[in-house]
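> Let the hints inform the model, and build the full structure from the sequences given.
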Amino acid sequence: MRGPWVRSFGILLATVLATVGLSGGVAQAAGISSWDDIITAVEGLGDGESTELSIASEITVEDGAQPLVVPAGKQVTFTGSGKISGKRSPLFSVEEGGTLTLSGPTFTNAQFSVAGDMNLVGGAICDTAVTGPVVFVNGGTLTISGDAEFSGNNVSDESGKLLPAGVEKEKYSPITAYNGTVRVEGGTLSGNHGLRYGGAIGLWARDGGHPTFEMTGGTLTGNVVSHPRSYGYGGAVYGEGTSANIAGGTVKENTTELGAGLAFVNSDVSLSGGVVVQGNNNGEYKGEGGGLYQSGGTLDISGATFTENVSTGFGGAISADDTKVEISGADITSNTAAKSGGGISFGGTTKAEIHAAILSDNTSQGFWGGGAMYNDTKAEVTIYNGLIRGNKIKDVFVIGAGNHPASAQGGGVWNCPTGSTVMHVTRGVAIFDNEAPNVVKGTLAGAGDDFASIIKHEFDKPVAGHAVEVTERMLGGSPRAWFQDGSIYNIHSNWSAESQVPRYSADGDNTAIKPNETVTNNIAFKSVPTKDAKAIAETLATVKITDNVATGTGMSGGGIANNGTLTFGEPEPWELKLEKKWANDDPKDRPESISVDVKLGDKVLETIKLTKENGWKAELANYPDPSTLIGAATGEKIPLTFVEHDVDGYMSHGAVVTENKDTKTIEVEIVNEPPTSIDVEKRWSGDVEADRPGSVTINLLADGQQTDKSVELTAENGWKGTFTDLPKYVTVNGKKTEIVYTVVEVEVPGYTSSISGGAAEGYVVTNTKDAPPVTSVPVEKRWSGDVEADRPGSVTINLLADGQQTDKSVELTAENGWKGTFTDLPKYVTVDGKKTEIVYTVVEVEVPGYTSSISGSAAEGYVVTNTKDIPPSLGRTGSAVQGLVVGGVALLAAGIWAVSKRRRP
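Note that the numbering used here has the sequence shown beginning at 16, numbered continuously upward.
It is worth saying that the hints were derived from the structure and are not from the lab. There may be inaccurate statements among the hints.
Straight-line C-alpha distance at most 27 Å; calculated DSS-like pairs for lysine-lysine [said to hold, decoys possible]:
| # | residue 1 | residue 2 |
| --- | --- | --- |
| 1 | 618 | 603 |
| 2 | 409 | 471 |
| 3 | 676 | 624 |
| 4 | 676 | 735 |
| 5 | 409 | 301 |
| 6 | 184 | 102 |
| 7 | 784 | 834 |
The following label-pair restraints were derived from C-beta to C-beta distances [as the list claims (entries may be wrong)]:
| # | residue 1 | residue 2 | range |
| --- | --- | --- | --- |
| 8 | 787 | 860 | 20 to 30 Å |
| 9 | 874 | 718 | 46 to 56 Å |
| 10 | 787 | 598 | 50 to 60 Å |
| 11 | 789 | 820 | 12 to 22 Å |
| 12 | 511 | 658 | 49 to 59 Å |
| 13 | 790 | 690 | 32 to 42 Å |
| 14 | 598 | 735 | 24 to 34 Å |
| 15 | 764 | 790 | 34 to 44 Å |
| 16 | 874 | 846 | 15 to 25 Å |
| 17 | 844 | 716 | 34 to 44 Å |
| 18 | 225 | 52 | 11 to 21 Å |
Ideal Cβ positions, reconstructed from N, Cα and C, are used throughout, including at glycine.
Shown next, in the form of structure tokens:
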């Protein structure tokens, strides 16, 4: 029996739970209306306990208030839609092992120190103006996610006291990490103002530590760094000695001088996952890297978009100094640099490799040009599978010197006297359809639509620059058809009018540039590849530098301006060895020459001519490694094939191609021989002409395998035909064997085919009419209910086919045992092209006095049974006898009466 104390305890427990709250093991403090309430709730937590503090109103923290400390092992979560306002001083401290989660309220004018974990998943930290960081991640971890907001915070005022303790002068941002981790998984960081480093986030290595920045989502926008005396770094994010992995999210419309969006120094940086860096701007002062600036460390870009960024100096999208760079996936489009490198600028001792990227519609406005890319004196860049097309120099600011007129130079690629370019064929480059215009037609002639390299002259003597050698093949292996295109005296200047070299003219008498020969003067070239060569390059290119512009004072390098070392491809040339062989012919019948198309996919790479004089052989150097001929869109290897032009009187065997990796050779053998032919004749047997089809088809087999050749024989061609232009031999695994040709006929219904003869004398295919299949139907007569004397001498049985009377009958007699057989009956009938089996039945001609019944079937035989009919019976029934008696009595009575009448008188 429950006593009154039980009811009292229940009421008390309900009251406590209603007052304190309990949710998932987390105490929910009720009635939070002051900072003291918050301090009391947290201090009251035991080891390992958590609390959720719901802020419903605005709480203003008084001067001198005790900061909130989240100790190790405790978790504090703020929820609700209220607001906590501090006094521009440290207000929250998360010790190592503690966790602070902000999920709803707004926090302003408060500073956070994080040695443990802090999560900003909702609500906002905003509008805080302090000297020092708003959030100081001192070895701990800050994660921003959900729809959280970090905005309007300003740390650019140096006049206050620098707090929290441990922060170094100038080396702080609104969010600052020393050896800690900052993660941005979502939310928005906007409108924040840094002092010198990091408009929103800054990370520094300390005491051998290594800070980490991770971004997988969220947006950093409208953040600014401005310093009254120095250049700012990282309009949104700055990292020094940092490991940065940016795998998503958006960095847009941030501003500062060095790295308007992102800036890293001596850091290892990775951009992937489709992160977008857009619309960032260096601002009004000289800067570098509209999207990203990096000095030192490594930069790995495998999936990022840089677009609409603006630099007031070098590198509209990216500026990298003294950095090891690898790009394997980037879209760099519509960026602008006030100096050089509208897309990218590589400076210092940078070493860059670019495997896959699109650099398009970028603009440079500075002296060196480089609409897409600028490479400084000590920098080294290697580009693989490059395509440089559609770049141009336009709207330039013309500056001439003496009698050496200004000249636009190198619409595709331009080398400064300090710059050198090497073009390998394997994974190399195609340069075409670029433009270095005549600025003023007839007087200020441009030079080198596609390629220009400066040999600097003083007093008409060369004093600096690098000679060039033009390799004979462009990306994919097509011949590099380069021609002289104007002349060059110095940077952006031409020779005097009387010494100038004419520009290339499509209708003119142009000078071809010989491959593999050193060119030491007037290095200005026009590329005129074939349509197929262009298509091959477009198919293979993974780095596309297209439609970029050099303008302003930049009269050079519409695509690339190179002051350093620029390399295309890798030094792995192969050699092509092509040999024509003749077989089974008379040498006098051979042509003077033959032509072989080298094809990549369905495009002709080049055509090779073989003659008796060159021994029907060709050896061509500097072919690309065939294993690298991979379609950029498909990722699949495209094979090199070799197709011979038709040679009258000869058949060409398919080219036998051997790729030898050890010797780096492509060995090709093509065998020609007079063709053979095979005659075939159709003969008919056992039929009449009306039975024959209109035509028959004979297929050709080679070594027992069906070919794609067939002939149709008809009465019009006398049932004769010939397979022509057949190769006599086949080469398998390097061994040549004679092909055995045979024929087979497509089945002709109703005929049996037999083949005689051979390939040499011709084949005869004889079709013999098939005898139609026949059947027989036995029939037997049986008698019942009679005697032999009653039976007729014979009966007639008629045959029906499918229920219809035929003209066949059998006569059954005692002599043949009343048995017979219908023989030689057709088994099938064809109606509307469909063959069906005939159903045979029998019927008997009526036999008087007998009733006929039929049993059995056509397969086992029919039995016709005749049963004797029975005549009407003569027997008397009892009623009949009674009638006769009555009748007799009546007659007797009548007779007596008559007699008595006679006896009366």
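> Each hint should be assessed against the structure and marked as holding or not.
We went through each hint and held it up to the structure:
1. 618 <-> 603: violated (34 Å)
2. 409 <-> 471: Holds, at roughly 23 Å.
3. 676 <-> 624: Given pair residue 676, residue 624 holds - Cα atoms ~26 Å apart, limit 27 Å.
4. 676 <-> 735: violated (51 Å)
5. 409 <-> 301: holds (24 Å)
6. 184 <-> 102: holds (21 Å)
7. 784 <-> 834: Between residue 784 and residue 834 the Cα gap is close to 34 Å, so the pair fails against 27 Å, i.e. violated.
8. 787 <-> 860: 20 to 30 Å: holds (29 Å)
9. 874 <-> 718: 46 to 56 Å: holds (48 Å)
10. 787 <-> 598: 50 to 60 Å: holds (52 Å)
11. 789 <-> 820: 12 to 22 Å: holds (20 Å)
12. 511 <-> 658: 49 to 59 Å: holds (51 Å)
13. 790 <-> 690: 32 to 42 Å: At 53 Å between Cβs, range violated.
14. 598 <-> 735: 24 to 34 Å: holds (29 Å)
15. 764 <-> 790: 34 to 44 Å: violated (20 Å)
16. 874 <-> 846: 15 to 25 Å: Roughly 22 Å apart at Cβ, these two residues keep to the hinted range, so it holds.
17. 844 <-> 716: 34 to 44 Å: holds (37 Å)
18. 225 <-> 52: 11 to 21 Å: For residue 225 and residue 52 the Cβ distance comes to about 40 Å; the hint is violated.
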